[in-house]
Amino acid sequence: MESTVLVTLTLGIALQLLAARTLTGGEYATFVLSLAVGNIANGIASAIQPVVALRASGDSTLAVRDLRRAIALALGVSVIAVVALSRSVGTGLAVAIGAQLPLHALVGVGQGRIQGALRLGPLAVSISMFAVLRMLVVVPLILMGVRNVHPFVLSLPLSLAGTLTFLALIGAFDGLTRGGRGTAGRDLLGPVLAWLVFYWLLNGDAVYGRMVLNASDAGQYAVSFTLGRLPVFLAAPLAIVLLPVMTRADTDRRRALIELLAVAAVLALGTALALGIVPALPVTLLAGRSDAASDLLVRLQAWSGASAALALLLFTFLFAMRYMPASMVSLFIAATIVVGGTALAGSAVVLALVQAITMSVIVALLAATAWSWTRSPAVADEA
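The opening residue of the sequence shown carries number 1 in this note's numbering; numbering runs sequentially from there.
Careful, some of the hints might be misleading.
To be verified - So the derived label-pair ranges between C-beta atoms look like this:
no., residue 1, residue 2, range
1, A168, T10, 22 to 30 Å
2, V338, A84, 28 to 36 Å
3, N214, N148, 18 to 26 Å
Derived from the structure by calculation, the hints contain no laboratory data. Quick reminder that beta carbons are idealized off the backbone N, C-alpha and C, glycines included.
Just need the whole structure built from these sequences, with the hints factored in.
What follows is the structure, given as structure tokens:
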């Protein structure tokens, strides 16, 4: 699995570098927006995958109708995204961007099925395949002289469709029953809503930046967002894979997994610290030049990214332990409204600063919730 994370991260950085060096500032901001929506869509998949994996590994059944509400939610959000983004990026690109939501949800179902069956080899291939297929779509078109944002955006839904086809061919969807009712339906909608809002909080500022800022500022914000979210890219694959395992683990195994999550947190914080100390180097590598304004944005985004990575690990842990109060989701919604309202000011620095402060507050609240879990009677009895 470590090699899978490395391949995915390396190809993702390569694609970002190619896009930044090929596209104009506004076009690059559009591409980063599409990636941000893809990350939000991945939040839906992150909620579906562990529930499906747990059901696939147990005695309970999973019927198609159990997944209906979760897929319908993804489709509904997709329609909203298309309508909201059409004015900013055009209808064609908006449809391609919005299509990621239901496709990610279906991929989450397939990956959850093979993960529950402990088919870790095919799971690793399916995770890497998305990153590989994106490059296979983009690079030939760039070599043919197509140097606009369309190949980059279209590569996202096309790669998801390719991954979905692979999952179908290896039997990931075999055995799903059409009739009756399984036992997973009641478990899905709540986590899907929570993960959707949480991932929107992590990625929404990239969407706001493209929709509200001018092309130059939006491009600069997109570069800083890309660099600042590197800590999240390090933490996300580990968190998603470990979530179902932690739920089923005994106390000793769970302690080892918590230590592994702590290592991921240290790596994420180290990456953010490096970005904060020498922001000019990665900005120059990605965008070709650096200035004081871009360096400040990267420092703010590094702060935000470190907080987002810690928040993701804590959020994953709390969900695995089934200790996520409904009030936390309400706070996530309130936080997204605050950040979205800030974007209307039209300042990249203010947007990045408010996003960083908001994520720090969320981390503190999640950490307090995790501490509360450690003091709960059930945990005390296990100890």
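Task: Unmet hints by their number, sorted upward, for this structure - done: Of the numbered hints given earlier, the structure breaks just one, which is hint 2.
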